[in-house]
Amino acid sequence: MAGQGGMVQKRGSGLWLTHLGLIVGVAFIFFPIWLAFVASTVDQQAIVRPPMPLLPGDKLIENYTRALTSGVNAPVATMLFNSAVMALGISLGKIAISLLSAFAIVYFRFPGRTLFFWLIFLTLMLPVEVRIVPTYEVIANFGMLNSYSGLILPLIASATATFLFRQFFMTVPDELAEAARVDGAGPMRFFFDILLPMSRTNIAALFVILFIYGWNQYLWPLLITTDPEMNTIVMGIKQMFPSGDDTADWPVIMATSILAMVPPVLVVIGMQKLFVRGLVESEK
Amino acid sequence: MEKRVTFKGIWLPLLLVAPQIVITAVFFFYPAGQAIWQSLFIPDPFGLSMQWVGLGNFEFLLSDRFYRASFLTTAIFSILVTVVSMGVALYLAVLADRLIKGSGTYRTLLIWPYAVAPAVAGVLWLFMFNTRVGVVTWYIGLLGYDWNHVLNEGEAMGLVVVASAWGRISYNFLFFLAGLQAIPKSVIEAAAIDGARFWTRFRTIVFPLLSPTTFFLLVVNIIYAFFETFGVIHTITGGGPQQATTILVYKVYADGFVGQDLGSSAAQSVILLLIVSVLTVVQFKYIERRVHY
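Protein sequences, first through last, are from chains G and D. Just so we're aligned: 264 in the working numbering is position 264 of the first sequence, and the numbers increase by one with no gaps anywhere. Offset between the second sequence (1-based) and the working numbering: plus 1000.
Mixed in with the good hints, there may be bad ones.
Here are the simulated DMTMM-like pairs of lysine to aspartate or glutamate, each with C-alpha atoms no more than 20 Å apart in a straight line [claimed, not checked]: (1) D:K1008 x G:D174; (2) D:K1008 x G:E178; (3) D:K1003 x G:E229.
FYI, nobody ran anything at the bench for these hints, they're computed from the structure.
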């Protein structure tokens, strides 16, 4: 079936039906986001008297400025910064400690190696949601409530990345380590000059996945950041809803929702190839 | 699997694994151990001392009407989320796979809800179905349907299911599309030459060949529905109305942090721990088998 594709692929009216089906699907996926965007560009009056318009209004700059500079409990700019610190801390921190321990486990024979391996393996099983109360107590005892280290450290304690790097290091040809040894290069020299550059793509793919994982955390920041100045943007949105019967400030809340989506969406779209690769590999 | 070539030294490798071991011990093993330990005690009302109750917390939980209801809620919720998100994703992937050109464009358009946090997805759907200002609420009101997920348990469940499934479609779509594209076109064409129509080909050839992907996604989606949907439920319903959307993870939070019932919350954590372990073992067993293919 050279060039034009096989007979099982569609042409003519069937092709248009296929496109139509996909467009309906895309529209369904996009509608909630579109509506949030529209709501972030109109004033409160347009929303509280339903139905709200389905096309953008002219209050975009006003609403986003209001959200970023004052927000509801804390300026959204502050929350964005907190989210960035948390997401980068989790992704870079996890990559760093995982690279080191995977290197040790693969390239050395040391006492307790198998034990360490299995201890790390066990952590694959437990999401933070399962151990929230005792983990909260640990953080509280260390005085790490409302701190970046409190946001970051408990979420680094998992072994997915260690496993990935271990798998990858196993595929690196032995000749390279052999050559390094013959040349008299020490293990750390080998690690930085050869292993690390070879792992570049894997590191980048993992970074995409971990950045989104860190950025989108909800339960953990909800528990340990009681100070609005330490809220991350994803958890901060819910805090913007008034308790009781007051009407929510919808334009600002929706502007914040859009702002909360932009960084991870940019990472996914901008690094699409790496993202797909990271996704497939981190699940295997 | 072992490396033939290794470096010498004992202190260096210990130093290299130290950061991960310390962080894992302090923030993982210690809290997990605490959860198991606390599940065997009941704190007195003033929180001054702990009373040993053995498996009492578990016995109490398993006979508790609300906890059993939460199990059922979790089962219904996870099955619905998995079926809805995988169903829509498979439908879209089959369509995209039929295109010679342009499937990449649709992929780009369809993957980005993956980046939207469950909690943000919750806020978006809450906005559409808000009882006072929601657009969808208003339009279906015109059709004579009075939507109120704040009072109606079925509608509340429906809303959290759709909001949770929505963000997951991207992920399933990617895996299904990759699975479909890995099926040799010649096999399908052979069936087409034999006169098999699309639906027959799909049922007898495509779907069976896709089953490893489907099974993998089934497990991963159930784990997602169990644990990562907390944000959706917390933003949309807060577990209500009348605990109709209180899934197990939400109950650990509600009993432990809101209700301050530490013993019960810890026991619930342990039960969840057992459930994840089983799911993880299933997942690994399956992947192991697939590696041998």
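Comparing the hints with the structure gives:
As the CA atoms of K1008 of chain D and D174 of chain G are separated by approximately 15 Å, the hinted pair is consistent with the 20 Å bound. Our distance criterion of 20 Å between C-alpha atoms is met by K1008 of chain D and E178 of chain G, whose separation comes to about 12 Å. A threshold of 20 Å between alpha carbons decides the hint, and for K1003 of chain D with E229 of chain G the separation of about 49 Å lies outside it, so the pair is violated.
Of the numbered hints listed earlier, the single one contradicted by the structure is hint 3.
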